[in-house]
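A.B. asks: The lines below spell out each chain.
2 protein chains.
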Amino acid sequence: MTLKTIAVDAMGGDFGLDVTIPGALTFLQQQTDAALILVGDETKIRSALTKASASMERITICPASEVVGMDEEPTSALKNKKNSSMRVAINQIKEGQAQAAVSAGNTGALMATARFVLKTIAGIDRPAIAKFLPGRNNHVTLVLDLGANVDCNSTQLLQFAIAGSQQVAALSPENIRPRVGLLNVGTEDIKGNAAVKETHQLLQRSNLNFVGNVEGNAIFTAEVDVLVVDGFTGNAMLKSIEGAVKFVGTVVKEEFTRSWFNKLAAIIALPTLKNFKRRLDPRRFNGAIFLGLRGVVVKSHGGTDATGFCFALQEAYKAIKADSITKIQAGVAQQLTALEE
Amino acid sequence: MTLKTIAVDAMGGDFGLDVTIPGALTFLQQQTDAALILVGDETKIRSALTKASASMERITICPASEVVGMDEEPTSALKNKKNSSMRVAINQIKEGQAQAAVSAGNTGALMATARFVLKTIAGIDRPAIAKFLPGRNNHVTLVLDLGANVDCNSTQLLQFAIAGSQQVAALSPENIRPRVGLLNVGTEDIKGNAAVKETHQLLQRSNLNFVGNVEGNAIFTAEVDVLVVDGFTGNAMLKSIEGAVKFVGTVVKEEFTRSWFNKLAAIIALPTLKNFKRRLDPRRFNGAIFLGLRGVVVKSHGGTDATGFCFALQEAYKAIKADSITKIQAGVAQQLTALEE
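Respectively, the protein sequence lines represent chains L and S. Start counting the first sequence at 1; every next residue gets the next number (our numbering). Start counting the second sequence at 1; every next residue gets the next number (our numbering).
Please keep in mind that the hints were generated in silico from the structure rather than gathered at the bench. Here the structure is a predicted model, which is why all the values come from computation and not from measurement. Note that the Cβ used here is the ideal one computed from N, Cα and C, for glycine as well. Don't take every hint at face value.
As the list claims (entries may be wrong) - According to the in silico footprint, chain S covers these stretches of chain L (three or more CB under 8 Å from chain S):
id : segment
1  : 79-91
2  : 189-201
3  : 228-237
What the hints assert, rightly or not - With a straight-line Cα cutoff of 30 Å, these simulated DSBU-like cross-link-like pairs (lysine-lysine) come out:
id : chain 1 : residue 1 : chain 2 : residue 2
4  : L       : K274      : L       : K119
5  : S       : K318      : S       : K274
6  : L       : K246      : S       : K191
7  : L       : K79       : S       : K253
8  : L       : K82       : S       : K191
9  : L       : K82       : L       : K94
10 : L       : K197      : L       : K327
11 : S       : K197      : L       : K197
12 : S       : K246      : L       : K197
13 : S       : K277      : S       : K318
14 : S       : K44       : S       : K246
15 : L       : K263      : S       : K318
16 : L       : K119      : S       : K246
17 : S       : K263      : L       : K246
18 : L       : K253      : S       : K263
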């Protein structure tokens with residue numbers, strides 16, 4: 001059995017080893033054909049593993065002396081932190097030691113480093129940040145870009161559509177023609193700004209299963225499998241949704257603690273409320289994929305806990321198992337040839 | 001007592017008179033110093049009023065023979081429907097018969113007609129669609145633009161900030177320096193695309209209470225009173241939020257009907273769940289203001305019911321009462337002078 005190996009930036013995120021080590025150990029229990037390379041301060045990693053009474057089975061430690069700060073400028077990290085846990089973790093992919101890298105560190109630095117080390121797939125100009133978001137009937141929609149590119153032209157948006165479509169097809173073999181929607185201010189063909197109108201035409205000419213313009217609520221209505229959007233708008237949508245879900249949760253909490261009767265109702269409704277909370281738990285959807293690179297790089301939320309970090313590792317594991325990079329490469333080449341004809 | 005008069009496009013929206021008439025009658029009961037001009041098919045309006053056993057006190061009927069279709073092109077409506085209920089309702093403001101107009105009709109046509117008939121305030125190039133959205137601690141944030149302008153330059157975004165700030169100050173006299181936030185992909189000053197970076201600098205130089213860049217979740221965190229965003233992104237955010245809140249509601253419903261025990265819990269928790277639902281009821285936040293025009297024009301959601309339509313009328317009423325147009329005019333002039341110095 002060949003092990004699927006993920007390089008972990010063990011020092012990244014708001015809580016570093018306190019989150020990455022327990023998350024990594026849970027992950028290894030769940031996936032018996034996975035191995036991890038823990039990258040960072042060797043002494044500290046060893047001590048964290050000992051504290052957790054972890055066996056060293058399927059674990060390798062790879063030393064890295066530096067850590068990229070959460071607020072560090074991406075260019076500075078790229079230039080001055082060549083031995084950072086983040087950089088060394090990504091290097092593991094390039095050197096063939098790992099098939100994926102996961103980090104909870106600085107998003108900008110991770111993107112800059114991943115692009116620099118791994119390069120983009122032929123035909124893709126810039127990678128996008130992609131994330132599965134949950135909607136009606138347990139459907140998930142892959143939304144991209146979520147903030148890597150604040151200005152996008154139609155060529156880039158088309159590339160996101162192709163890469164996203166291939167990623168979904170790779171991960172769900174029963175869905176070989178994922179429905180692609182283009183985020184717009186209305187569903188009519190003539191809507192939108194110049195870049196979006198151009199993208200609409202490119203998508204119509206492509207071989208993708210393009211279903212047309214959709215509005216922001218399409219994430220939840222299960223009408224598309226891939227939602228293409230520029231990084232500025234995508235980021236605003238993601239943060240708005242996170243804020244809205246959190247706010248609704250607060251209202252639920254406020255209402256169920258408003259009076260002694262409501263508190264009593266809450267006790268009786270506790271299993272239901274817990275299940276409700278679990279279904280919308282952002283940790284279950286943790287792990288954004290940097291799509292378009294020649295390697296699987298997954299960004300975990302910086303403030304997540306061990307459970308959330310484990311989900312990010314699962315996201316990387318699924319991408320390796322689905323051989324998504326090879327499929328995106330083939331898909332991009334095929335789509336671009338079709339468009340040129 | 002001078003009556004505050006609102007012209008109502010009685011024929012607009014998905015349900016026309018079935019919604020506008022009961023909504024109008026409820027509104028008149030709630031606001032005893034308000035009067036309504038019901039614009040549309042006189043026979044049908046009279047018949048709807050008779051059916052509702054309405055007194056004609058504070059009600060005038062203004063005949064209009066045409067109706068703008070919900071999918072009609074704005075330019076076509078503007079050119080060919082000069083006697084539409086929408087157009088005639090807006091004319092009432094220009095002719096001094098009403099101080100505001102409310103319509104649940106076609107958004108694009110309403111905006112085009114309102115701009116054509118009323119013109120924009122001096123110093124404002126294009127009006128924006130603005131809406132109060134609810135957040136933590138019963139705070140509301142005025143978000144603009146929500147879709148009138150899919151491409152915005154920094155001058156327009158600055159104008160939105162000024163108009164939005166004046167609107168909030170007019171409506172809440174205790175808040176004379178509303179906090180203005182600029183929607184961005186991060187809070188650092190250097191983030192964003194070119195238009196947003198320029199806007200950031202203009203806002204810093206302005207006399208507004210500019211608190212800097214904020215992310216999409218700022219709508220819910222009560223950190224700003226006015227959130228400035230281009231119409232493309234603003235529309236995507238609004239639709240995403242509406243979709244997310246609806247989705248969370250579906251999950252609550254699904255969980256509380258999953259088993260007989262959960263259904264029992266739901267019965268006990270019913271008052272709590274009802275209050276939860278009421279607090280997030282989109283009808284309570286119905287009514288988008290077209291900000292920057294020389295008159296109060298409010299757009300009701302096309303698919304709302306009488307309760308929702310009544311809230312849209314309240315929004316117009318509050319704007320008249322606060323004399324918001326005069327205040328925006330003065331504010332724009334003052335801010336623009338300050339920026340030129």
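A.B. asks: Evaluate each hint against the coordinates.
C.D. replies: Hints, verified against the model:
1. 79-91: violated (count 0)
2. 189-201: holds (count 5)
3. 228-237: holds (count 7)
4. K274/L - K119/L: It is violated: about 43 Å lies between the C-alpha atoms, which goes past 30 Å.
5. K318/S - K274/S: 27 Å, holds
6. K246/L - K191/S: Cα-Cα ~25 Å, so holds.
7. K79/L - K253/S: Violated, at about 52 Å.
8. K82/L - K191/S: Roughly 25 Å separates the two Cα atoms, so the pair holds.
9. K82/L - K94/L: 14 Å, holds
10. K197/L - K327/L: Between K197/L and K327/L the Cα gap is close to 28 Å, so the pair holds against 30 Å.
11. K197/S - K197/L: Holds, because 24 Å separates the two Cα atoms, which is no more than 30 Å.
12. K246/S - K197/L: 29 Å, holds
13. K277/S - K318/S: 25 Å, holds
14. K44/S - K246/S: Violated, at roughly 35 Å.
15. K263/L - K318/S: Judged against 30 Å, a Cα distance of about 37 Å means the pair is violated.
16. K119/L - K246/S: The given pair, whose Cα atoms are some 40 Å apart, is violated under the 30 Å limit.
17. K263/S - K246/L: Within the cut-off at roughly 25 Å; holds.
18. K253/L - K263/S: Within the cut-off at roughly 19 Å; holds.
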